[in-house]
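Combine both chains into one complex, guided by the hints.
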Amino acid sequence: MKTRWIVTFKAIDPRNPTKTWEVGLFERRLKMMVQQGHDAKLAQLKLVEEILEKGGTERLYGGWSRAETDDCFVYVGRPNHNWTSLTIETPAPKGCLFLVFVLPDGTIADWTWRQCSEDDPSCPSGVTGELLWPPNQT
Amino acid sequence: MAAKSDLERFLRENQPAKKFVPYCFLDKQSDTLTAYFEGDADYSKRLSDHLTLYLSLETDEIVGCRVKGISGIIEDLPNFIRINHKGVELSIVFFAFTGGAEEESRKALKDLARVATEREMVLEPCSA
Chain E
1 MKTRWIVTFK AIDPRNPTKT WEVGLFERRL KMMVQQGHDA KLAQLKLVEE
51 ILEKGGTERL YGGWSRAETD DCFVYVGRPN HNWTSLTIET PAPKGCLFLV
101 FVLPDGTIAD WTWRQCSEDD PSCPSGVTGE LLWPPNQT
Chain U
1 MAAKSDLERF LRENQPAKKF VPYCFLDKQS DTLTAYFEGD ADYSKRLSDH
51 LTLYLSLETD EIVGCRVKGI SGIIEDLPNF IRINHKGVEL SIVFFAFTGG
101 AEEESRKALK DLARVATERE MVLEPCSA
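So the sequence lines, in the order shown, correspond to chains E and U. In terms of my numbering, the first sequence has 39 at position 39, counting the first letter as 1, and numbering is strictly consecutive. In terms of my numbering, the second sequence has 102 at position 102, counting the first letter as 1, and numbering is strictly consecutive.
Excised from the complex, chain U in its bound form (with noise of 0.2 Å):
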């Protein structure tokens, strides 16, 4: 019997929670925030190169972001907003970029924005 690889055995040992939550995550080493606000599987398409949508496959409805070069943004935020005990609201990241976008991103960042607030998601600080 072949041996069983780390996936095989990390999904084995690690069920996922029954309820999707969502969430969103800075990763340092890639310079990019990714969202989740639906646990939909997922598709994605790149719209500038500073955003890629994750959008469902069954209904084409945006369920996610991923976000580059991101680490400018986030530390000058202390600087304009405050920032409540939790850490940064997500709906002020995805404004901050609404400036310099192209017609088709700039409405995607609102949407991402308003999805963020209605579902008022935080970006925590943490470490990479």
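Looking at chain E on its own, in the form it has when it is part of the complex (with noise of 0.2 Å):
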């Protein structure tokens, strides 16, 4: 583990979908967001959980869609609901995906939701890397 990371992850390791590999958040970047109340961030986090670790990941990307990011993975899932504070759930907005950004080293740079692609729901909008997971999918 990242001597920083302070929430891990087991996530689909991009490098053999057979087993799993440990991904992380580093503390500073949480702490900020507890200090600044950034609520509504934190409580994503529990999407990232469900999409990293219980099964919710539906694709696999890699690469970021743009320069010197190849090495870099997109882990997307598709939760049927959302939580838009640490106490409140609510349904998933609709047409969305759910993306967990992360580095090639592990560290989970970004996680948000983002509107399916109009030519392909299963794809993300904005993302065009090459996909890794599940095998046999264009």
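If you are wondering where the hints come from, they were derived from the structure by calculation, not from laboratory data. All values reported here derive from a predicted model rather than from experimental measurement. For glycine and all other residues, C-beta sits at the position ideal for the given N, C-alpha and C. A couple of the hints might just be wrong.
[Stated by the list, open to error] To give an idea of the chain E side of the interface with chain U (calculated C-beta under 8 Å), a few residues:
| hint | residue |
| --- | --- |
| 1 | I6 |
| 2 | Q36 |
| 3 | P79 |
| 4 | N80 |
| 5 | H81 |
| 6 | L86 |
| 7 | P93 |
| 8 | A109 |
| 9 | D110 |
| 10 | C116 |
| 11 | S122 |
| 12 | S125 |
| 13 | L131 |
[Stated by the list, open to error] Not close to chain E: a few residues of chain U, all C-beta gaps over 12 Å, as computed:
| hint | residue |
| --- | --- |
| 14 | L47 |
| 15 | G64 |
| 16 | I73 |
| 17 | F95 |
[Unchecked claim] Negatives, chain U to chain E, calculated, CB over 10 Å:
| hint | residue |
| --- | --- |
| 18 | D40 |
| 19 | E61 |
| 20 | G99 |
| 21 | A101 |
| 22 | S105 |
| 23 | E118 |
Shown next as structure tokens:
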């Protein structure tokens, strides 16, 4: 584990999808959200856990669709609910997928809802990386 | 009973402040600047390789953004502008990206700069 990760998850290993690898969040990032009162963003971490650890990953892409990010990853899931605060659960936003952006060393860089692509409802808009998992899909 | 996960433990031990306060931060590892002006639950919309907006799920208004490929801009800023005692005014960072941006991104960057000015947001120097 990276020494400054304070929260970790076991996610599908993009380099060997039959196994898992450890990904995590830096304390500094989380503590900042706590101090600034960013309840909604913290609450979305519950969805991160669902996507990464509880079988919620529907797709895993390699690359962040811009230069020099080919070795980064995007985990994509479709939770049927959202957390708009740590205590308020709502239905998932319509037509959206939930994305978790991960750096090559496993550090989680961001997490967010994103509209589905108009061409392919299984694919988030603006994500054009290589599909790593599941196999046999395009 | 199942063991508490790291996340459950962290959220239990770290109750967020009651009132949201706008903030921004640099992440050297991902070469990004993230800013949040409002604390609404949000979704994201990618406008370009360099700019992703965070929009309120309730109102579709811009509540924040993520600017990518930020390191060159930040390193060059001290050569062109005076930095106040706290750090770089965030609006300047947004203006720095408007030059080569497409119309939609340019409009968004101007909106972001305006909001950052209204909120008096400053990008403070910090380590990764």
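Against the structure, the hints:
no., hint, in the structure
1, I6, "holds, 6 Å"
2, Q36, "holds, 4 Å"
3, P79, "violated, 13 Å"
4, N80, "violated, 15 Å"
5, H81, "violated, 12 Å"
6, L86, "holds, 6 Å"
7, P93, "holds, 6 Å"
8, A109, "holds, 4 Å"
9, D110, "holds, 7 Å"
10, C116, "violated, 11 Å"
11, S122, "violated, 17 Å"
12, S125, "holds, 7 Å"
13, L131, "violated, 18 Å"
14, L47, "violated, 9 Å"
15, G64, "violated, 9 Å"
16, I73, "holds, 15 Å"
17, F95, "holds, 21 Å"
18, D40, "violated, 6 Å"
19, E61, "holds, 14 Å"
20, G99, "holds, 18 Å"
21, A101, "holds, 14 Å"
22, S105, "holds, 13 Å"
23, E118, "holds, 17 Å"
Checked against the numbered hints listed earlier, the structure breaks hints 3, 4, 5, 10, 11, 13, 14, 15, 18; every other hint is satisfied.
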